[in-house]
Amino acid sequence: MNPLGLNLREEQQRIDERETDELLANEEGKFHIDEHTVVDFERKDIVIDDTGRLGEGGFSDGVYKGTFKHSTMDKCIPIAVKLMRIEDRQNRRNNLRGISERTHETKVLRKVANHKNVVALYGFVNYDMAFYMCMELMDASLLEVREIIYDSARGERMAKQQLEQFLGSVTVSVVDALAFFRNEARVIHGDLKPANVLLNDRGEVKLCDFGVSKKLQTAVTKTRADTNYVGTHSYMAPERFDSKTYGITRGYGSKSEVWSLGIMLIELATGVHPYGGIGETFLSDVITDASQQPPRLTDNEYSTRMRNFIDSCLFKSEADRSSVLPYIPDETTKPELPEETNNVQSKKFYTFNARRAQSDRNACVKEVLDHIRDGLPWIRSKIK
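If you count by the working numbering, then the sequence shown holds residues -6 to 377, one letter each, in order.
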């Protein structure tokens, strides 16, 4: 055992505990109605619809529809409530660790809360050994879109041209969020997949579920984090399983999110996950098998620019894969970075869709949402 390594881990644990204490002291029981209005709240101010289960939610007991009604308010605010039960531990240190595991997502959401493509966190409260996170209520996930439009019995498939326009809108939103994470928030989402990309009836696309996110450990251009298998294996990049063979350095960085985006786009474009049918036990072997070509979108009904974009996301070698250029709000303060010419923002599929009017991209998302809306009660009944 390396004493220095042990000391560093202990120091990080102390930092995490201090951050948790500060978060609980400063934020627990504070509901952010908007950027200017914050009210104190308790568990009794949250009404959860037990029949309105929206999903499982990473490391939680479920995500539910709910409402927030405060004594100072004339009307209720629709919210999504993530419920996480806190284990009853024997001492404060262990109990604090249990709370820390559940406040991690809250800390990250506070860090990324200012971005338009991230679900808003209104507030959280602990009550009766349970942790309630109150978040912006969205209307559907990309997973629900896929399930409904590719269900043969319902017959609600979309034309490839419409689907490509929709996926172009999604791509711009996801890439812009990842660029913000890389530089401004300095975090890695860690579990990018269709279930964690949400849509609303304003045509907005937002990321959620930061339960397994990680801080970027070093400089902007070397966004490393310790390799582990936390997340959804079928969307993980090769370097997350084998950083020695496929990674640039030890661990994994923001390029792992680019791989996840590519996998997600193929899944939405075809209705089939590229690694579908492979048991989780064998997934790492298949994904890291050098003799196996990475997944490709071969359907010629989709544009060359879209297929080329996906190809650039799915190089097994992290060094060859496209990067996400960090978002720099003020070009005059741009940090010194090695030139990253192979980046997703320079690809034709991204630039073509980024140049579309925001109103056009939003309208495209709303059109798809309207297309699948009648199927949402059916798909959600399957998770109850």
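Since the hints were made in silico from the structure, they are not lab data. From a predicted model like this one, the values you see are computed outputs, not experimental measurements. No residue lacks a Cβ here, since even glycine has one placed at the ideal position from N, Cα and C. Careful, some of the hints might be misleading.
[Said to hold, decoys possible] Below are the DSBU-like pairs computed for lysine-lysine, each with C-alpha atoms no more than 35 Å apart in a straight line:
| # | residue 1 | residue 2 |
| --- | --- | --- |
| 1 | K23 | K153 |
| 2 | K23 | K309 |
| 3 | K341 | K375 |
| 4 | K109 | K309 |
| 5 | K109 | K37 |
| 6 | K62 | K375 |
| 7 | K58 | K309 |
[What the hints assert, rightly or not] Pairwise CB distance ranges, derived in the manner of DEER restraints:
| # | residue 1 | residue 2 | range |
| --- | --- | --- | --- |
| 8 | S64 | S145 | 37 to 43 Å |
| 9 | T334 | R289 | 21 to 27 Å |
| 10 | I271 | K37 | 44 to 50 Å |
| 11 | H29 | R150 | 28 to 34 Å |
| 12 | H29 | E294 | 24 to 30 Å |
| 13 | E360 | T44 | 24 to 30 Å |
| 14 | K37 | D144 | 49 to 55 Å |
| 15 | R150 | A283 | 19 to 25 Å |
| 16 | N19 | G45 | 43 to 49 Å |
| 17 | A283 | E35 | 53 to 59 Å |
| 18 | N19 | E273 | 27 to 33 Å |
| 19 | K109 | I70 | 17 to 23 Å |
Going through the hints against the structure:
Between K23 and K153, the direct Cα distance comes to roughly 45 Å. Violation of the 35 Å bound is thereby established for this hinted pair. Under the criterion of a C-alpha separation no larger than 35 Å, the hint pairing K23 with K309 is inconsistent with the structure, at around 44 Å. Annotation: proposed proximity of K341 to K375 is violated, straight-line Cα distance about 38 Å (limit 35 Å). For the suggested pair K109 and K309, the alpha carbons sit about 31 Å apart, so the restraint of at most 35 Å is met.
A distance of roughly 30 Å separates the Cα atoms of K109 and K37; the hinted pair therefore holds under the 35 Å criterion. Note on K62 and K375: the hinted pairing holds, with a Cα-Cα distance of about 29 Å set against a maximum of 35 Å. In summary, the hint linking K58 to K309 is not supported, as the alpha carbons are separated by about 39 Å, beyond the 35 Å threshold. Against the hinted window of 37 to 43 Å, the Cβ-Cβ separation of S64 and S145 comes to about 50 Å, which falls outside the hint.
In this structure the hint that T334 and R289 lie 21 to 27 Å apart at CB holds, the actual value being about 22 Å. Against the hinted window of 44 to 50 Å, the Cβ-Cβ separation of I271 and K37 comes to about 47 Å, which satisfies the hint. The hint said 28 to 34 Å for the Cβ distance between H29 and R150, and at roughly 45 Å that hint is violated. Checked against the hint of 24 to 30 Å, the C-beta distance between H29 and E294 comes to roughly 48 Å, which is inconsistent with it.
Remark: the range hint 24 to 30 Å for E360 to T44 is upheld by a beta-carbon distance near 28 Å. Our hint of 49 to 55 Å for K37 and D144 is violated, since their Cβ atoms are close to 40 Å apart. Against the hinted window of 19 to 25 Å, the Cβ-Cβ separation of R150 and A283 comes to about 36 Å, which falls outside the hint. Taking 43 to 49 Å as the suggested C-beta distance range, the pair N19 and G45 does not conform, at roughly 30 Å.
Separated by about 56 Å at the C-beta atoms, A283 and E35 satisfy the suggested range of 53 to 59 Å. At roughly 39 Å, the beta-carbon separation of N19 and E273 lies outside the given 27 to 33 Å, and the hint is violated. Distance hint check: the CB atoms of K109 and I70 are about 19 Å apart, consistent with the given range 17 to 23 Å.
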